[in-house]
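There are 2 protein chains.
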Amino acid sequence: MKQNIYDNETFFTQYKQIRKRPYNYNNMLEQPNFLALLPSVVGKVMLDIGCGAGDFAAHCVKQGARHVTGIDISANMITAAKKHTDDNLHFEQIAFEDMPIQPESVDIVTSSLAFHYIADFDQLMEKISVLLRQDGILLFSMEHPISTANKGGDDWIKNEHGQITHFALDNYQSEGMRKENWLVDGVIMYHRTMATILNTLIHNGLSIENVVEPVPTEAVSELYPNIQKEFRRPSFLFIKARKMTDVKMLEERWT
Amino acid sequence: MKQNIYDNETFFTQYKQIRKRPYNYNNMLEQPNFLALLPSVVGKVMLDIGCGAGDFAAHCVKQGARHVTGIDISANMITAAKKHTDDNLHFEQIAFEDMPIQPESVDIVTSSLAFHYIADFDQLMEKISVLLRQDGILLFSMEHPISTANKGGDDWIKNEHGQITHFALDNYQSEGMRKENWLVDGVIMYHRTMATILNTLIHNGLSIENVVEPVPTEAVSELYPNIQKEFRRPSFLFIKARKMTDVKMLEERWT
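Going line by line, the protein sequences match chains G and C.
Using the working numbering, you'd call the opening residue of the first sequence number 1133 and step up by one each time.
Using the working numbering, you'd call the opening residue of the second sequence number 1133 and step up by one each time.
To be clear, the hints were calculated from the coordinates, so they are not data collected in a lab.
Because identical chains cannot be distinguished in the list, a pair is counted as satisfied if it fits within a single copy or across any two copies.
Listed below are the simulated DSBU-like cross-link pairs for lysine-lysine, each with C-alpha atoms no more than 35 Å apart in a straight line:
(1) Lys-1194 with Lys-1215
(2) Lys-1134 with Lys-1152
(3) Lys-1134 with Lys-1194
The model shown is predicted, which means the values in this text are computed figures rather than measured ones.
Between the sequences and the hints, there should be enough to build the whole structure, so can you do that?
Written as structure tokens, this is what we have:
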């Protein structure tokens, strides 16, 4: 199922409000870690999956990327992204599932907080592996399995004084769809265990190079105390992986 | 700090009682998964770290391993292990930290539920990487980071009817020593995040091949209903990794 929640007007209006706030998880935690993990983009051909408003893609072109394609399922997002204009930037409203695959055509595939919306993680990783040149890099962030495990209910348990006592974890091994109430009711995401995520990369020829469960810096923790919950359990998972040299068999399936 | 809890008589007596029960986590969950992940041992030189009573080492020799060395810090355990006699089996009471290192001398390093007791995980992985031949395999199980995170307190939260509502997770990002009350007070183990565990292997030249967060089989779940909690959060983490071919720099430090 391809979910296009960012074209839900209620959702999109509220989402824009959050992103406008100076302190939000994207600006304070997700983006700094993403940029720190990004290899040099100079001269590289890149694909950004779930590019949103295209700021990251535009940043990469400014940093010297040869060409960046940003795709997103949302018309709202692609309309916003197209305000960035550069000959080396290309945006397209398409689901990754529907994108044509040209083997070994991309040096770096990136994706920021989108993969937890994709139902078929195995096919996603297979297609990325085929798209990547040998030694190419996949860098992505997604919701952490610890955070996606629960099936509804309160995540943060408080005592009678309103202080958080712990994070409620449950159903970790029950993979599959989760309906979350984030901005609107019934946003759909998919829970997968850490083992499933890692093994799916590996068996599709993507060798794990770095795993990050980010924590806020001290400065950010002071500016934005609410984010200190991240020390108690991680919201995000980042993985950087490299396409191994012997995955011809996979590629042949897509040519 | 090298902890030798298995030579604490109260602990060891109680530990033996648990292992004698037909249904315990070792027999029903840990060992079946460990054996399923083990590559062929035929003709291999092996080292088992924290070998306990030596049953696994003896099993490997029976399966055709050329030589298996089992080490354990506990005199109780090595005394028990030495009841297994075979020319290709060797047991020694020594902490891994004190073991002399001969580079590229071992084909398969194994360790079952011991690494959470070791304070310096980075040195542990470096030494294992140096010991392993190129393309050699490390297979280990340890307590899962989700399970080691909490600093005391109740792990399983129950409602007024005594039913478990969730697992209490906290302090995930605070790595370091944890004192647990398991059989006796003050058993020391070390909490590390999933990211730290994986990255420590990778930067020591050990490429991740498989990650398992085991769940009991249906048959085991019926026989031993208490183990069904494993579906709610994992107790154990298994990692299988392969020594990459370009870690000479590391080896030179130890020769």
